[in-house]
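Protein chains: 2
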Amino acid sequence: MTISDCSERELIARIQARLPPPPDWLLVGIGDDAAVVEPERHRAEVLTVDALVEGVHFDRAFVPPDAIGHRALAVNLSDLAAMGAAPRLALLSLALPPGLLIADFDGLVAGIAALAERTRVHVVGGNLTRSTGPLMIDISLTGTVKPRQVLKRSGARPGDTLYVSGTIGAAAVGLMMLRNSTTHPKRSTTGDTKDTEEQSRSGNVLTSVSPVVERCIQRYLRPEPRVRLGLMLARNRAASACMDLSDGLSDAVYQIAAASGVGARIDAGALPIEPCAREVFAARGADPVTEAITGGDDYELLVAVRPRTRGRLAAAIRHGGVPLTRIGVCTEDRAVVLSRDGGDTPLPGGGYSHFRSAEASSLDHARDDPARVEGSRAT
Amino acid sequence: MTISDCSERELIARIQARLPPPPDWLLVGIGDDAAVVEPERHRAEVLTVDALVEGVHFDRAFVPPDAIGHRALAVNLSDLAAMGAAPRLALLSLALPPGLLIADFDGLVAGIAALAERTRVHVVGGNLTRSTGPLMIDISLTGTVKPRQVLKRSGARPGDTLYVSGTIGAAAVGLMMLRNSTTHPKRSTTGDTKDTEEQSRSGNVLTSVSPVVERCIQRYLRPEPRVRLGLMLARNRAASACMDLSDGLSDAVYQIAAASGVGARIDAGALPIEPCAREVFAARGADPVTEAITGGDDYELLVAVRPRTRGRLAAAIRHGGVPLTRIGVCTEDRAVVLSRDGGDTPLPGGGYSHFRSAEASSLDHARDDPARVEGSRAT
Chain A
1 MTISDCSERE
11 LIARIQARLP
21 PPPDWLLVGI
31 GDDAAVVEPE
41 RHRAEVLTVD
51 ALVEGVHFDR
61 AFVPPDAIGH
71 RALAVNLSDL
81 AAMGAAPRLA
91 LLSLALPPGL
101 LIADFDGLVA
111 GIAALAERTR
121 VHVVGGNLTR
131 STGPLMIDIS
141 LTGTVKPRQV
151 LKRSGARPGD
161 TLYVSGTIGA
171 AAVGLMMLRN
181 STTHPKRSTT
191 GDTKDTEEQS
201 RSGNVLTSVS
211 PVVERCIQRY
221 LRPEPRVRLG
231 LMLARNRAAS
241 ACMDLSDGLS
251 DAVYQIAAAS
261 GVGARIDAGA
271 LPIEPCAREV
281 FAARGADPVT
291 EAITGGDDYE
301 LLVAVRPRTR
311 GRLAAAIRHG
321 GVPLTRIGVC
331 TEDRAVVLSR
341 DGGDTPLPGG
351 GYSHFRSAEA
361 SSLDHARDDP
371 ARVEGSRAT
Chain B
380 MTISDCSERE
390 LIARIQARLP
400 PPPDWLLVGI
410 GDDAAVVEPE
420 RHRAEVLTVD
430 ALVEGVHFDR
440 AFVPPDAIGH
450 RALAVNLSDL
460 AAMGAAPRLA
470 LLSLALPPGL
480 LIADFDGLVA
490 GIAALAERTR
500 VHVVGGNLTR
510 STGPLMIDIS
520 LTGTVKPRQV
530 LKRSGARPGD
540 TLYVSGTIGA
550 AAVGLMMLRN
560 STTHPKRSTT
570 GDTKDTEEQS
580 RSGNVLTSVS
590 PVVERCIQRY
600 LRPEPRVRLG
610 LMLARNRAAS
620 ACMDLSDGLS
630 DAVYQIAAAS
640 GVGARIDAGA
650 LPIEPCAREV
660 FAARGADPVT
670 EAITGGDDYE
680 LLVAVRPRTR
690 GRLAAAIRHG
700 GVPLTRIGVC
710 TEDRAVVLSR
720 DGGDTPLPGG
730 GYSHFRSAEA
740 SSLDHARDDP
750 ARVEGSRAT
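Sequences listed follow chains A and B, in order. Residue numbers for the first sequence follow our numbering, beginning at 1 and rising by one. Residue numbers for the second sequence follow our numbering, beginning at 380 and rising by one.
In isolation and in its complexed conformation, chain A is listed as follows (with noise of 0.2 Å):
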């Protein structure tokens, strides 16, 4: 059964149907011609969007419909995180192949629903439209922040410390893996039917993976938008600058940078790779440091902090939900590098990309996407 034997209605009651119940600050929600709510007091509005495309962002064939779901809003709430503002609620736009099978619509809308409850977003309306191609998930979603607490990437100096939050690399090897998967297969031979059941309704046909290995894969499938050490750090005003990493540590750094208007001198060694993307990365020949900061997919916060206030990180730490690594420094100087056996190279990942090879790009981020990696982005 496909989405083309469903009249409208029937899609939108199956999207209501995973909503929990109106706030009471939605005055007019799914139904009318537009949505209508009240905006919060003494806040700023915070807005983003960001698409998903199969075939640019996903592929079908080993990202199953929940973990397609998760990732579109996911996106979303990190850029919320990024600017320190908590979340509120989300216009969900799908471009569907007629051929979608309705049992992944349910899991597409069921990875969006799961996480939006986690984090308190409510879908207010959105679009259904056919696709004459791929798959298509376009959210916007709206937050707010107390005015002076927005977090800027501009408010970098020089002499301010850089954290970076979680790990770094994982997801750019689980997306590896992933892919490998998918041009290997290898059937399962254990007769689990849970596992069968959801090899089957995702496509994923990667099998006895190692548990190190599974949790680089889930953290490129379900990765885990910061959105509560964005509030903490906004709230104790700990931060001088901030952004999130979608397209990479590297190009995280450099757009700070930029803003700014300061360089920055970033610490191989303080670098925290997750252990088992070292380990991969190490395998295949490649160099760690530069394949997981110039990866992409890492859903974690780049932080910039002033010296003298260093003590309000603390409280940001101790509720943030995730820990912070001090990668490096912002310096006077305007270049952007890496620090590494005693001697400083420019920092990788900083080049000039045409569109045809950039991921995705935003009027938010407004930059270039750096050079990428083969095999460590879905293309």
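If you are wondering where the hints come from, they were derived from the structure by calculation, not from laboratory data. Note that beta-carbon positions come from the ideal geometry of N, C-alpha and C, so glycine has one too. Any given hint could be a false lead.
[Said to hold, decoys possible] Example chain A residues on the side facing chain B (calculated, C-beta under 8 Å, incomplete):
id : residue
1  : L11
2  : T48
3  : V49
4  : M136
[As the list claims (entries may be wrong)] Over 12 Å on every C-beta distance to chain B, these chain A residues come out as not near it, computed from the model:
id : residue
5  : H42
6  : A85
7  : G125
8  : K152
9  : R153
10 : A241
11 : A258
12 : A259
13 : A268
14 : R312
15 : H319
16 : D344
[What the hints assert, rightly or not] Using C-beta positions, here's what the derived DEER-type ranges look like:
id : chain 1 : residue 1 : chain 2 : residue 2 : range
17 : A       : R310      : B       : D403      : 27 to 37 Å
18 : A       : P147      : B       : D666      : 55 to 65 Å
19 : B       : P702      : A       : L101      : 43 to 53 Å
20 : B       : R393      : A       : E38       : 34 to 44 Å
21 : A       : W25       : B       : I481      : 49 to 59 Å
22 : A       : P23       : B       : D712      : 30 to 40 Å
23 : B       : P399      : A       : P22       : 28 to 38 Å
24 : A       : T309      : B       : G700      : 52 to 62 Å
25 : B       : A392      : A       : R340      : 46 to 56 Å
26 : B       : E417      : A       : G311      : 50 to 60 Å
27 : A       : P147      : B       : A392      : 48 to 58 Å
28 : A       : R310      : B       : P399      : 34 to 44 Å
29 : B       : P399      : A       : P147      : 15 to 25 Å
On the provided structure of chain A, position chain B as indicated by the hints.
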């Protein structure tokens, strides 16, 4: 030169170059992880999203790039108009085929920017990505309205009069003409440079059309959303229910009737069918009334008005910039009928349709698309 020859920064710069200076309520605009805006005091916020997909909502063979951009914003403005909201800001999400000409990209953006400026919409952010298939333009639009002035679909009562703005049927005829022009191309022999340029840029090979037909074509290519009328209806509290006609007048009547729990009787003789459309429909042996009420792309408003508040309508009409025509009445009996030649029959266009046959659906609208007259819609 195609967009693949540009970096994303260059494409974004081309967009920014067409935007007016940022308004003072925009705290953080293009160039950060998300936009930050100051909410408007004492007003509710109205949000909508609509996507235009190549091959579903437009055909690049006969819709020039600036018209694609214009339409993408216009369909959203029409939704805000139907709520009585003043437009405020837009997020622009574009999925672009790598082979898209830079000139076409610029045209698309120019079409959006021109209508945005005229309707005081500021583009505060967005997203650019490659598409592996069709060109897609997804616009999220917000506006504001006083909470007590929101125009819903659900407020009509038996005895309320139904009005429609402007004329209907013209866009459907315009689309038909454009389609025929690409099926049976006739090259211009006038040697008019401007015409030839326009044609080669747009792929539109239609030539020497009568001014009457040209008017229908423009109604399809560059619909005028009834923003001012919506505002006036809201301010004067002149409407008990309101909806836009994006899916045709018939669909709108069914939707308002269903949402309000009333029936409706539409007077066939009173319908403001565009004279040129009536002529073309009749010449093709089709029933002009059925074609005009089931044809889409008329971005007019359907308005229900309480008999005792009919006086308020005068002010709304005076400043709304478009005439309103009385076309029928809401009834206690839940049937939705067309009154014609002394008899009542079910209003055409109330059928059930599958997703594959529908042009687009909106979670806001939560509707079934009525059955379509072949040829009257973009497929």
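Each hint tested on the structure:
no.: 1; hint: L11; result: holds, 6 Å
no.: 2; hint: T48; result: holds, 4 Å
no.: 3; hint: V49; result: holds, 4 Å
no.: 4; hint: M136; result: holds, 6 Å
no.: 5; hint: H42; result: violated, 9 Å
no.: 6; hint: A85; result: violated, 7 Å
no.: 7; hint: G125; result: violated, 4 Å
no.: 8; hint: K152; result: violated, 6 Å
no.: 9; hint: R153; result: violated, 5 Å
no.: 10; hint: A241; result: violated, 10 Å
no.: 11; hint: A258; result: violated, 10 Å
no.: 12; hint: A259; result: violated, 7 Å
no.: 13; hint: A268; result: holds, 26 Å
no.: 14; hint: R312; result: holds, 21 Å
no.: 15; hint: H319; result: holds, 21 Å
no.: 16; hint: D344; result: holds, 26 Å
no.: 17; hint: A/R310 with B/D403: 27 to 37 Å; result: holds, 34 Å
no.: 18; hint: A/P147 with B/D666: 55 to 65 Å; result: holds, 58 Å
no.: 19; hint: B/P702 with A/L101: 43 to 53 Å; result: holds, 48 Å
no.: 20; hint: B/R393 with A/E38: 34 to 44 Å; result: holds, 37 Å
no.: 21; hint: A/W25 with B/I481: 49 to 59 Å; result: violated, 43 Å
no.: 22; hint: A/P23 with B/D712: 30 to 40 Å; result: holds, 37 Å
no.: 23; hint: B/P399 with A/P22: 28 to 38 Å; result: holds, 36 Å
no.: 24; hint: A/T309 with B/G700: 52 to 62 Å; result: holds, 54 Å
no.: 25; hint: B/A392 with A/R340: 46 to 56 Å; result: violated, 34 Å
no.: 26; hint: B/E417 with A/G311: 50 to 60 Å; result: violated, 31 Å
no.: 27; hint: A/P147 with B/A392: 48 to 58 Å; result: violated, 28 Å
no.: 28; hint: A/R310 with B/P399: 34 to 44 Å; result: holds, 41 Å
no.: 29; hint: B/P399 with A/P147: 15 to 25 Å; result: holds, 23 Å
When each numbered hint is compared with the structure, violations occur for hints 5, 6, 7, 8, 9, 10, 11, 12, 21, 25, 26, 27.
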